[in-house]
Each structure stands twice: as structure tokens, then as C-alpha cells.
Amino acid sequence: MNTDLVIKNFKEHFDSDIIEVVKKSEKRATVTIKPDAILKAAEYLYKEAGFRFIIASALHTKRGFEIHYHYSLDTTELILNIHVILDKKNPQIESLSNMFNASNWIEREIHEILGINFINHPNQEKLISEGNWAEGVYPYRKEFK
Amino acid sequence: MSKPTLIPIGPYHPLQEEPELFKLYCDGEIVKDIKWETGYNHRGIEKLSESKTYEQVFFLVERICGICSTSHPFAFANAVEEIVGKEITDRTKYIRSIIGELERIHSHLLWAGLAGHFLGYNTVFMWVWKYREPILDLFEMITGNRNSYAMFKVGGVRRDIENEKIPAIRKAMDEFRKKNDLLTGAVMDDPVIHARTKGVGVLTKQDIIDYAAVGPTARASGVAIDVRKDDPYAAYPLVDWKVITAEEGDVFAKVEVRLLEMYESISIINQCLDGLLKTKEGDISIVVKEIPEGIGTGRAEAPRGEVFHFVVSDGSNSPVRHKIRAPSYVNIATFKKSCVGQTISDATISLAAVDPCYCCTERMAVAYDHKSGKRILNANDLIRLSSDKTSELKKNIIRQK
Numbered sequence: 001m002n003t004d005l006v007i008k009n010f011k012e013h014f015d016s017d018i019i020e021v022v023k024k025s026e027k028r029a030t031v032t033i034k035p036d037a038i039l040k041a042a043e044y045l046y047k048e049a050g051f052r053f054i055i056a057s058a059l060h061t062k063r064g065f066e067i068h069y070h071y072s073l074d075t076t077e078l079i080l081n082i083h084v085i086l087d088k089k090n091p092q093i094e095s096l097s098n099m100f101n102a103s104n105w106i107e108r109e110i111h112e113i114l115g116i117n118f119i120n121h122p123n124q125e126k127l128i129s130e131g132n133w134a135e136g137v138y139p140y141r142k143e144f145k
Numbered sequence: 001m002s003k004p005t006l007i008p009i010g011p012y013h014p015l016q017e018e019p020e021l022f023k024l025y026c027d028g029e030i031v032k033d034i035k036w037e038t039g040y041n042h043r044g045i046e047k048l049s050e051s052k053t054y055e056q057v058f059f060l061v062e063r064i065c066g067i068c069s070t071s072h073p074f075a076f077a078n079a080v081e082e083i084v085g086k087e088i089t090d091r092t093k094y095i096r097s098i099i100g101e102l103e104r105i106h107s108h109l110l111w112a113g114l115a116g117h118f119l120g121y122n123t124v125f126m127w128v129w130k131y132r133e134p135i136l137d138l139f140e141m142i143t144g145n146r147n148s149y150a151m152f153k154v155g156g157v158r159r160d161i162e163n164e165k166i167p168a169i170r171k172a173m174d175e176f177r178k179k180n181d182l183l184t185g186a187v188m189d190d191p192v193i194h195a196r197t198k199g200v201g202v203l204t205k206q207d208i209i210d211y212a213a214v215g216p217t218a219r220a221s222g223v224a225i226d227v228r229k230d231d232p233y234a235a236y237p238l239v240d241w242k243v244i245t246a247e248e249g250d251v252f253a254k255v256e257v258r259l260l261e262m263y264e265s266i267s268i269i270n271q272c273l274d275g276l277l278k279t280k281e282g283d284i285s286i287v288v289k290e291i292p293e294g295i296g297t298g299r300a301e302a303p304r305g306e307v308f309h310f311v312v313s314d315g316s317n318s319p320v321r322h323k324i325r326a327p328s329y330v331n332i333a334t335f336k337k338s339c340v341g342q343t344i345s346d347a348t349i350s351l352a353a354v355d356p357c358y359c360c361t362e363r364m365a366v367a368y369d370h371k372s373g374k375r376i377l378n379a380n381d382l383i384r385l386s387s388d389k390t391s392e393l394k395k396n397i398i399r400q401k
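Protein chains in written order, with my numbering: chain C, 1 to 145; chain Z, 1 to 401.
Mixed in with the good hints, there may be bad ones.
[Claimed, not checked] Result set (DSS-like, lysine-lysine): computed pairs, CA atoms no more than 25 Å apart in a straight line:
1) LYS89/C - LYS47/Z
2) LYS126/C - LYS229/Z
3) LYS336/Z - LYS126/C
4) LYS27/C - LYS153/Z
5) LYS145/C - LYS47/Z
6) LYS278/Z - LYS153/Z
7) LYS24/C - LYS171/Z
8) LYS171/Z - LYS278/Z
9) LYS47/Z - LYS88/C
10) LYS40/C - LYS23/C
11) LYS24/C - LYS86/Z
12) LYS40/C - LYS205/Z
13) LYS126/C - LYS32/Z
14) LYS336/Z - LYS23/C
15) LYS62/C - LYS52/Z
16) LYS145/C - LYS88/C
17) LYS126/C - LYS23/Z
18) LYS47/Z - LYS142/C
19) LYS32/Z - LYS47/C
20) LYS27/C - LYS86/Z
21) LYS52/Z - LYS142/C
22) LYS278/Z - LYS24/C
[To be verified] Only part of the chain Z face toward chain C is listed, based on derived beta-carbon distances under 7 Å:
23) ASP210
24) ASP231
25) THR297
Keep in mind that the hints were calculated from the coordinates and are not lab data.
Heads up, the beta-carbon is just placed ideally off N, CA and C, and yes, glycines get one too.
All chains should be modelled from the sequences, with the hints used to inform the complete structure.
As C-alpha cells, this is what we get:
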């Protein structure tokens, strides 16, 4: 399956939820979707399309809080980034950990470093600081002028 | 069930890279549940990376792991070069792959030695580490360092492997192949190792998919994923080699995969040396003047599995965000599946089987009884439990004969 076909199939499933598609090369593509669609997009990629969840990267930008969910299709060379932009004031998104365990730790980590709330996470405890950090202080948040 | 006994494994040891604490909840000898805690020594490398220039980040990420110190610079170089969008020279590709494969050999040997120690085979431990020394000597000859080689930079490598050094590397590989024959033969034929590792710490294919485990841990359960094949980089698409897999998913399968992978590494190194002879000496880097704005995802197959780096650039000389995912991050979580239901004496080797950056498993703390303050078990006790089980098996097998 080539990258164009993968993107075409994804578009057919989530046409109304897609904001932007950037195909950088045959090996790399980024699809920006609405945050509400993350759960069904993840379900499609994991259960139907055979993708493996690598990790999620979150960052704080002028646009708000962004998360890139990195998926790998190991039968091809493709890494598909599912990109969402969350609200600046109240960042939250549905957790994927009830579907696969692979996202459990990274969601806890993102919650801890950026204060993004993962709805329905089974155990959103601190992962990396073991309670040594002050509450409500998120070290990866930035201040923009 | 009576109240479970808590046996902590971890968290601190000054030498370890990833301090963590495993809490084994046991009922008698059987592990009923396992919990994992970390954060004792958070180094904030991702945050630190944002304050370094791209050239400096290579030295930073090289220090994430002391054992597979080249896999992080490898993945970071792949990520940054994806943003730059320029092709590196063939000689660079061969040199990078040679370093990557030499590292795989020394890391797998390190693991095999320690696994031997945990099973009560201290001769294996000493012999295997002796075999590892010539590999580290090769590193010293090529890079000037036995570890943390400082070979990578954006668009190339820092030092060439001159053609005059090639015969010495070939000779070391030939000698190592003989040693590996010996080691593989000894492990594959030993009834006690079979008894201690077959059917122990089993991970099914579904467990691997569910936890997204990678590397030899996944390949030993029949999931044939290997970044070198799936998303080829450096010289891996230019040479002929195969992905080693096993179906059983137990500790023995993981041993088997690692031992056989070292043969593939020898073959890759030899083919890369042939490749070096076809390219021009000194042609080891391209000019990269600036890193444009964009995102880059790079990955590399470390000895423990896929290393993943995600870099966001705004066009300045430092990354805006640098996310790093080491293979142990996903592999360690599988302990919940591999250890529960096993005996405590098997937990040591089950925890060790995914090769969780080895210092981790060495850092076993002391278990105290809270009421009496009396010591129950310490690290040596746990290893002794494991060794005793092996000795007992040996006696039984001799008796049967």
C-alpha cells in the first residue's frame, strides 16, 4: 500500500474531521484533524489499517497546545503523524489508553509536563516526577508575548 | 489469598541510567502483580535540548544511554536530515552502519553475560564479557573512545574509517564469529538453560501489539519489526541481511534472537567494509549551512529496539521541541504481562529478558519487613534465588541421566 492510498483511505473515513493534509514524502505524512475525532481515528488506524502507535509528542505553541500522535505502518516505510491543536485555556482530549496500553505512560507524561487533561484515562497519575514537583507547574509550557 | 508481600526491585544506584522501582506483589513464591515507578532522577534531556545548538544536541543525546550511545545520535541525525532534505554520502552511510552494528554486538554480549550471571552461570558472564573487549578495542581504534563515540553530526560523521584499518576490523569479526559459534552452541544445547528459560516470561503476539513493544522483545514473539528493514536508513538498504525472529515469546526466544542477530551484524559490517573500499576516503560529510523550519521524525534500530526522535525546527539553530522515545519506554511496560504468574526466582530473568538498559536490573534494593525492621531480601538474595534454582535443576538432570 502506498502513501497516497493510505491518505485516500483515511480521508474517506474522516473527511469532515480533517483540517489539513501534508504529504512530505512517501515516508512521512502529517494529517491535522479536529481533536474530537481522535478516538475514532486511532481506532481506525490501530484496528483496521494495521498501524503501530510509536509515541505522542506534545508541545506548546502560539496556536495552543499541539499533540502529534506518531503512527508507523511497518509494512511500508510510512510514519503518519496525526496532529491535533487543543484549546489554549482548557487543553483536553480523549485518552487512547483504554484501546491500547502503549499510550498509557505517554499520556501521563504529557499531563504532567504540559497540563493537558486526558479524558477517561484509567490512571492519570504522575509518571516522571513521583510527586516531587509543585502542583500546577508545567515545565514544558512557554510564555508568549 | 493472604496479604501480598511487597518485594521492591530498585530504585537507586549511582551508576544506573534510568532509576526506577519495580514493586513485585507476591503471594508466597508467585508474583501476583507488578507496579513500576520512575522519576527518581529525571534529567530533563528533552528540555535541555531546546537550549542547545543542533551540533551540541548530538553530544547530549549520546549521553542518554551509556550502552547504546550511538543509537540516539543516529535517530536524531535521521530526524534533522529529514528537515534539511539533503542526501548524505555513501561513505557516511557505511560508516554509520558499521558503528551501529558494532554497538549491537557489544550490547547483546553485555546482555548475554548478565543474563548468564542472573541464571547462575558466572563462567558465561566472564567469558562473554571477555569476548566483548575486542569489540570495544575496535571502537577505540575507530573513534578514539570505547564508549560515547562522538561520531555523528548533521550531514555526516566526524571521523573517517581509513582503508588501512579495514583488515584489522575484518580480523576481529572473524575471531568474534568463532566465539559466537561457541557461545550459541553452548546456550542452544544446555538442558538447564532450556529448563530455566523456555516457557518463562512469555509475551504473546497480541501483548506485543497492545504494548507496541519493539526490537528483540517483539521479534522473539514473532512480530517481525525492525526499523532497518521497515524504514531503511544509512547503509542498511545497500547490504544483504535478514530479520531474525522466533515464535515462542519466552526468555529463550529472546536469547536466541539476540545471539543470531550478532551473526547478521557481522555480515552487515563485512559488507559495509566492502562498500568503504568502493568510495573515496575522506568523503564523510556534506555541507549543511542551516536547518530550515519544519518537523522531522527520525528513527534507528538500537540493540533494544526502535529509537524515535521528533524534532520541531523554527529555522533557528536550536530545536523548538525535541521528543525522544527510547525502546525501553515501551518494552518495560510489558513486565505487567511477562512477570505476573511467575515465581520470584524467574522474575529476575523475566525482567532482564527485555534488556531494559541493563543497569536498571542491577539496582536491586533491600526489602525490609516494616514491623520488625528485619531484612528480608536484597539484590544478592534475589540473584541467589535464581542461581539456586539453576543448581537444583542441574542436580536433577544429572540424577536422571
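Cross-check of the supplied hints:
1. LYS89/C - LYS47/Z: 22 Å, holds
2. LYS126/C - LYS229/Z: 36 Å, violated
3. LYS336/Z - LYS126/C: Answer holds: LYS336/Z to LYS126/C is near 18 Å, not above 25 Å.
4. LYS27/C - LYS153/Z: 22 Å, holds
5. LYS145/C - LYS47/Z: 20 Å, holds
6. LYS278/Z - LYS153/Z: OK: LYS278/Z and LYS153/Z at ~23 Å, within 25 Å.
7. LYS24/C - LYS171/Z: With a Cα-Cα distance of about 43 Å, the restraint between LYS24/C and LYS171/Z is violated, given a limit of 25 Å.
8. LYS171/Z - LYS278/Z: 20 Å, holds
9. LYS47/Z - LYS88/C: 21 Å, holds
10. LYS40/C - LYS23/C: Holds. LYS40/C to LYS23/C sits at ~22 Å (cutoff 25 Å).
11. LYS24/C - LYS86/Z: 14 Å, holds
12. LYS40/C - LYS205/Z: 24 Å, holds
13. LYS126/C - LYS32/Z: Holds: LYS126/C and LYS32/Z sit about 23 Å apart, inside 25 Å.
14. LYS336/Z - LYS23/C: Measuring from Cα to Cα gives roughly 38 Å; hence the hint is violated.
15. LYS62/C - LYS52/Z: Distance of about 21 Å is within 25 Å: holds.
16. LYS145/C - LYS88/C: OK: LYS145/C and LYS88/C at ~14 Å, within 25 Å.
17. LYS126/C - LYS23/Z: 17 Å, holds
18. LYS47/Z - LYS142/C: 11 Å, holds
19. LYS32/Z - LYS47/C: 30 Å, violated
20. LYS27/C - LYS86/Z: 15 Å, holds
21. LYS52/Z - LYS142/C: 17 Å, holds
22. LYS278/Z - LYS24/C: 32 Å, violated
23. ASP210: Hint on ASP210/Z: holds, closest Cβ of chain C at ~5 Å, below 7 Å.
24. ASP231: 5 Å, holds
25. THR297: Cβ of THR297/Z sits 5 Å from chain C, so the hint holds.
Consistency with the previously given hints fails for numbers 2, 7, 14, 19 and 22, ordered from lowest to highest.
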